[in-house]
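So the protein sequences, as listed, match chains A and B.
Just so we're aligned, residue 1 is where the first sequence starts under the working numbering, counting upward by one.
Just so we're aligned, residue 1 is where the second sequence starts under the working numbering, counting upward by one.
To be clear, the hints were calculated from the coordinates, so they are not data collected in a lab.
Note that the structure is a prediction, hence the values are computed from the model and not measured.
Cβ atoms here follow ideal geometry from the backbone N, Cα and C, with glycine treated the same way.
Where hints are given, some of them may not hold.
[What the hints assert, rightly or not] Derived Cβ-Cβ restraints for the label pairs, each shown as a range: (1) H69/A x H173/B: 38 to 46 Å; (2) A19/B x A172/A: 39 to 47 Å; (3) T17/A x A391/B: 49 to 57 Å; (4) Y14/A x L492/B: 36 to 44 Å; (5) A245/B x G106/A: 40 to 48 Å; (6) A172/A x A244/B: 54 to 62 Å; (7) R8/B x G106/A: 53 to 61 Å; (8) G106/A x A391/B: 30 to 38 Å; (9) H173/B x E196/A: 40 to 48 Å; (10) V454/B x E196/A: 53 to 61 Å.
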Amino acid sequence: MTSAIQVDNLTKKYGETVAVENLSLTVPAGTMFGFLGPNGSGKSTTIGCLTGLLDPNAGEIRILGEPFHDGAVALKRRMGVMPESLGLFDALYAHEFLFFQARMFGLDEETARRRVSELLDAMELGGTGKKRLSEFSAGMRKRVAFAAAVIHGPDLLFLDEPFESIDPAGVASIKQWLHKITGQGRAVFLTTHVLETVERLCSQVAIITKPGKLVWQGDISALDRDGAISHDGREFRTLEQLFLHLTGERYAQLEWL
Amino acid sequence: MNAPLIFRLVGLRYKLLWAQTRTRNGRIALFLAGYLFALFILLLMTAGGYGAAMIAVRSGQSEKVAQAVLGGLFLNALIASVVTGFGINTAFTDAALRRYALSARDRLAARHLTGILEPVWIFVLGLYLGLSTGMYVFGAGSFGLGAAAVLLLLIANYLLARVLATLIEWLSHVKGGTAILFLMLMGACLLPGYLIPRLANAHGAKEGMLAVLGYTPPFAAAALMVNAGAGMLRHFGLLAGWIAALLILLAAIEKQAARPRSAAAEVATWDDRYERIGSIFGPTMAALIGRSLRYYVRSNKVRFNYIGALPALAFLTFNNPTAAGPLHYFVRALGAFTVVGFLGTAVMSTNQFGFDASGFRRYFLLPIAPGAILRASSYTAMFVGGTLVAAALLLWLLFAPVPLDAQMATMLLAAGVGGLCLFNALSIWTSLLAPRPTNFETTFGNQLSLSANVLLIGGLLACIFGVMALDKIAGPAAVLSYWWTSIPAAALAVVFYLYSLRRGAEVFVSRRERLLNALEGRN
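Could you build the full structure based on these sequences and the hints that come with them?
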């Protein structure tokens, strides 16, 4: 089966600073893939390179079996991206923004309108009326950004921190849709700091540490069956334990707190 | 009142201003500001406040000169702050200040103290003080009284600018407000030209006008500056009264403006007018131009400049007492036509991506060549500016007190088209090379980069004074005899625009990471 994403020796530098170093990973098709790492470890930079926002300094990227570069217009049409900063046009109304996104991704006018209405209803944004996106709450903005990422039915979905600020009902709906997407053989590549969510949602995980170095990639479905992951001769019963072990992150003690 | 915290906030405002100088553009701006400041001080000493004081005292017309100088400075500071946005940036909003331990009154004080201590107002105070110090040195007034008078005058000046800016901001948000604003601008630009010559010829009108002006802040300050004894209390009272009235008015307008709008209750409807206009430029451009057009139409900054462009240029064309007459009007109109299309859109077109905020990131995720985004953005500016050129031409042909002439019409059209292309070509470069994140919601506050300001203000001044010089040196007849030169000049501008679009698209791609950093505030 063709991989949804195949990255070989990806390197991205900002001047002298290395943000991602020799990163190689594979995301199989039909997988919910969790991409984890501490703050500043290069997750967003990696997504930037994988979506054509940033130019890698070295390495090869294949998306849906084809070589990917910033000018790969046909491939971009098959991708949906929800960036960490959301990338909304604040002066527009929600339906205008989604309609714009749908038209840019090649949907005809009628389909675009129908999907916009359906998505707004599904996201419980139908009553926002003539309220500009700048006036939306953080959770509502996130819902709009998610709707924009899926409106054209992409084969590969990139979600950067998709659940932050969204209420539990919204999160549950999104999770359901994501399962439906992967069930159809499409892939989801997501980053989040909420490890419990990843544990329950993803079957495959990659963990990177500063500066963008892959330290672990593997199947975590055992955790879902009350099993454990073996690594370095130790057994980890939660993703958090594994993450802290691999990244060397520690809880700081503040005497005054 | 929590004075220590308020003053720490003022300090923070200056730290933030200083932090801006850490960028390359900031350092260039600082250098130029320092250079201009030195130049102004030099001018001030020779011809401005201090020099004016010397002339005033020696001519025995101290109060009249003080009235003229203070009145001129007052009006210029008002126009500069309201029209160009200098000095009325809101450093801290009321909402932002709520995170600190400040009462409502403290927050009001903090906002306006940081406002009046903006460098622009300190500069205006310097000019006022130049005059009062000069008056004192040459023996025409008391230093203490003069300093107190100019301090009160500055507060009144700042408050009036704030009142006008807040009123315009509020009007631009309410239904029918744009029409009221347009009428206000038309009145402000055209009424003086109509009234002043008539009042000047009317018997006793001059004395009446002076009597009324005697109640204004600059005249009260001038009286205090030179007449230490007589009517001192009355003039202080007048200035204090103005300040109190303006404060009350400002508080009332701010309260009105802060009332929440019931936008959510309005039903959103599908409106594809913008996409239909966008499809003029081709089906692939429709959605991009539709999006861009919505930004132009919904931006208060653009709306204010758009409706103000025609009245302001009409004022500059027809209000010149030194060279009145149909042919002189025509020559001055050439400058107005060159800049009119640009003036209405410049706040957005010189910084095309500054209003997109994080939306800028999305452009590169779209399945299109990035050059299309730059083209769509620039075509929108051309289209919106083009409507102003067309309106100006129509109004000229219908109402200008100049006989209809095909050569004149050709020249004006060529000036309009050429100016639109030239300025929009240069705007592509300011957008790509000097982008700045800009708040979409505000009407005021100059948030443009140094290059964009040079293009906007420099372009406007070059057009106005360029045609004045042409009128004076060559004369209208000579200008008209070379009417045909306007066609190749406009063609050259079109070529430059097309070249900028093409080359700009390449630069847009190669600089995208730098643009992203700049627009997301990371440099």
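Right, here's what the structure says about each hint:
Under the hint 38 to 46 Å, the C-beta atoms of H69/A and H173/B, about 45 Å apart, fit the expected range. Checked against the hint of 39 to 47 Å, the pair A19/B and A172/A passes, with Cβ atoms roughly 43 Å apart. A hinted range of 49 to 57 Å holds for the C-beta pair T17/A and A391/B, which are about 52 Å apart. The beta-carbon spacing between Y14/A and L492/B, approximately 41 Å, falls within the hinted interval of 36 to 44 Å.
Our hint of 40 to 48 Å for A245/B and G106/A is violated, since their Cβ atoms are close to 60 Å apart. Checked against the hint of 54 to 62 Å, the C-beta distance between A172/A and A244/B comes to roughly 58 Å, which is consistent with it. Between R8/B and G106/A the beta carbons are some 54 Å apart, a value that agrees with the proposed interval 53 to 61 Å. Between G106/A and A391/B the Cβ separation comes to about 37 Å, which falls inside the hinted range of 30 to 38 Å.
The hinted range of 40 to 48 Å is satisfied by H173/B and E196/A, whose Cβ atoms lie roughly 44 Å apart. Range check, V454/B to E196/A: about 54 Å between beta-carbon atoms, so the 53 to 61 Å window is met.
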